[in-house]
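Work the whole structure out from these sequences, hints included.
Residue-level listing of the chains:
Protein chains: 2
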Amino acid sequence: MSENQTEISSLGEFGLIRELTKSVELKNASSLKGVGDDAAVLDYSGKKTLVTTDLLLEGIHFDLTYVPLKHLGYKAAVVNFSDIYAMNGKPEQITVSVGISKRFTIEHIQELYEGIKLACEVYGVDLVGGDTSASVTGLIISITCIGSADESQIVYRNGAKETDLICVSGDLGAAYMGLQLLERERVASAGMKDFQPDFKGKEYILERQLKPEARKDIVQKLAENGILPTAMMDVSDGLSSELMHICSQSKTGCRIYEERIPIDYQTAVMASELNMNLVTAALNGGEDYELLFTIPLSMHEKIQQMEGIRIIGHMTKPDLGCALITRDGAEMELKAQGWNAFKA
Amino acid sequence: MSENQTEISSLGEFGLIRELTKSVELKNASSLKGVGDDAAVLDYSGKKTLVTTDLLLEGIHFDLTYVPLKHLGYKAAVVNFSDIYAMNGKPEQITVSVGISKRFTIEHIQELYEGIKLACEVYGVDLVGGDTSASVTGLIISITCIGSADESQIVYRNGAKETDLICVSGDLGAAYMGLQLLERERVASAGMKDFQPDFKGKEYILERQLKPEARKDIVQKLAENGILPTAMMDVSDGLSSELMHICSQSKTGCRIYEERIPIDYQTAVMASELNMNLVTAALNGGEDYELLFTIPLSMHEKIQQMEGIRIIGHMTKPDLGCALITRDGAEMELKAQGWNAFKA
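For the record, the sequence lines run as chains A and B.
Going by this note's numbering, the first sequence opens with residue 96, and the numbers climb by one from there.
Going by this note's numbering, the second sequence opens with residue 96, and the numbers climb by one from there.
Don't read these hints as lab results, they were simulated from the structure.
It cannot be assumed that every hint is accurate.
No distinction is drawn between identical chains; accordingly, a pair holds when it is met within one copy or between any pair of copies.
Distance condition first, Cα-Cα at most 25 Å in a straight line; then the derived BS3-like pairs of lysine-lysine [what the hints assert, rightly or not]: (1) K346 / K128; (2) K128 / K256; (3) K316 / K397; (4) K430 / K117; (5) K288 / K256; (6) K122 / K316; (7) K142 / K295; (8) K346 / K117; (9) K412 / K346; (10) K142 / K122; (11) K128 / K142; (12) K311 / K346; (13) K165 / K288; (14) K430 / K165; (15) K197 / K295; (16) K412 / K430; (17) K316 / K288.
Nothing here was measured: the structure is a model prediction, and the numbers come from that model.
In structure tokens:
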């Protein structure tokens, strides 16, 4: 253990919780009581309550050799906010449970919480509870996010109609290519001392992987422009996988166009350097946390005037299936090759 | 892998979720939308929302050599319900996240969920979401429970007054002695084939450890008798630890009486067999999931007429500290020696 590092056993569970939550202030009117009792108390009268949860495991979802703990905390919170935005809601509270193995000190866990608290501050969310425990090996993070929405404004996955337009915010594949970059530098650094990773000109894809943002801005803009999507999801597993979820739940097919898929030039450069197929990365890469949604055809002009949103295709009758139209006009069936933690 | 066992990789995450949740029906009016979207949708208009969460880790909180998966699922759900009852609320929904290592099959996880679903049925709670993931090692269970309460009925830890009576439901120390019994038989069985553990006459303490219940009945009875506790907690870490939480948050001291602490005879027999101090087991054992609460002195007669509740002492001014009065009249300072996952 290095200097200025404190063993967690010196504080115990209650001491650790006090340490981690001493600067937590509740800001949302819906947060009546936070950390410190058997349960948090929230006020959701007049609104509907949204609940989502994500489990992040070391060695499965993240690798601490290249992910700073503060970034990890930020990301762990943001991916939960993203699920609430994907319902067209507003994230209001989170609970954070962490399992911590012996190799982590209090300072490590404080760093993780710094990231979580920063995300809460940026997105206006209150940290209201959680659980801490020792773990046998590795770091375990389980976050539950509670949000609010007016019932009439909630957007599910099953509301898309056969003639709707398919839209996506931002660009796709960057987080995945950022991961490939980190992986390349990790392999290159193996066994070397004072290795300097080469990230020049690749800052964007790196940030997309390490510190993703949830599209609160898109949800707000859609509301300001009077556009209520008919179906919506956030892109966490990959565009193909999410689109197929919406189609299957809405009982539609879809056509999306390769040339319409938004891709940043850093993503393209990285794919080319690594000899990887760019479209595959954009379709199946995952972790973009962009919003994928459908809108009625009548909203066509309105949506075209909004920055940062691209129409990538349209829904169809269900018997036409789900397909990508390539640049040369060929039809390629979409497959959910998104991220799968249970891969054999 | 034995016969009739299916590798989880054969289903993938979405297949596994479908398999585990296919029989889930929503029964509570507050559950508008469950599994299958980015977030669950709940209706808590007119009531306050309670949220609690617990992380259970293999090798830390449970040992699968003697805990059946179905019991583990039941217990994992019930300990969360217990936290909601401890706020004088009604548990209504849970989300369940599981991390699963390669040695578990689909049948194993189904068994775990059988227990979770049974607990939900018994307590009238809906399973509305969650997350599943592979884990590097061991089984990880993270459950969040959402419940409801009228604002005026919520009982916090900080409401106890200096003259209040201290009450506890059921009996204490049994779950801890059940754990000692299981541990003794595990050690005895080491390396032996066809070992038959000796549980005769110890069924009660075994059940208290393996399949605890939350005291929904006590919460209902208190309401029926018009008794609103001034402070309440569930006994998960141990009576001493919980009582000291209430005293510190309520800014009081307390006196409890050894002869008043409710202990089942099986607990006493087991402690004697193992040469362990019975009072220590009852004070610090934990996992009893009984309700510890304080009531105004004026409720004295009412509470005495209620079955299954014992007055064990009274609150005092804070400067008197927290103490146990032993059978021979000595005063022993209470110490929070309850369960600590971070023990060095």
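So, going through the hints one by one against the coordinates:
no., hint, in the structure
1, K346 / K128, "between (42 Å within a copy, 18 Å between copies)"
2, K128 / K256, "between (42 Å within a copy, 20 Å between copies)"
3, K316 / K397, "within (11 Å within a copy, 58 Å between copies)"
4, K430 / K117, "between (47 Å within a copy, 23 Å between copies)"
5, K288 / K256, "neither (57 Å within a copy, 62 Å between copies)"
6, K122 / K316, "within (23 Å within a copy, 36 Å between copies)"
7, K142 / K295, "neither (47 Å within a copy, 54 Å between copies)"
8, K346 / K117, "between (49 Å within a copy, 19 Å between copies)"
9, K412 / K346, "within (8 Å within a copy, 66 Å between copies)"
10, K142 / K122, "both (18 Å within a copy, 20 Å between copies)"
11, K128 / K142, "both (18 Å within a copy, 14 Å between copies)"
12, K311 / K346, "neither (28 Å within a copy, 42 Å between copies)"
13, K165 / K288, "within (24 Å within a copy, 50 Å between copies)"
14, K430 / K165, "neither (35 Å within a copy, 35 Å between copies)"
15, K197 / K295, "neither (35 Å within a copy, 39 Å between copies)"
16, K412 / K430, "within (18 Å within a copy, 68 Å between copies)"
17, K316 / K288, "neither (48 Å within a copy, 67 Å between copies)"
In this structure, the hints that do not hold are numbers 5, 7, 12, 14, 15 and 17, in rising order.
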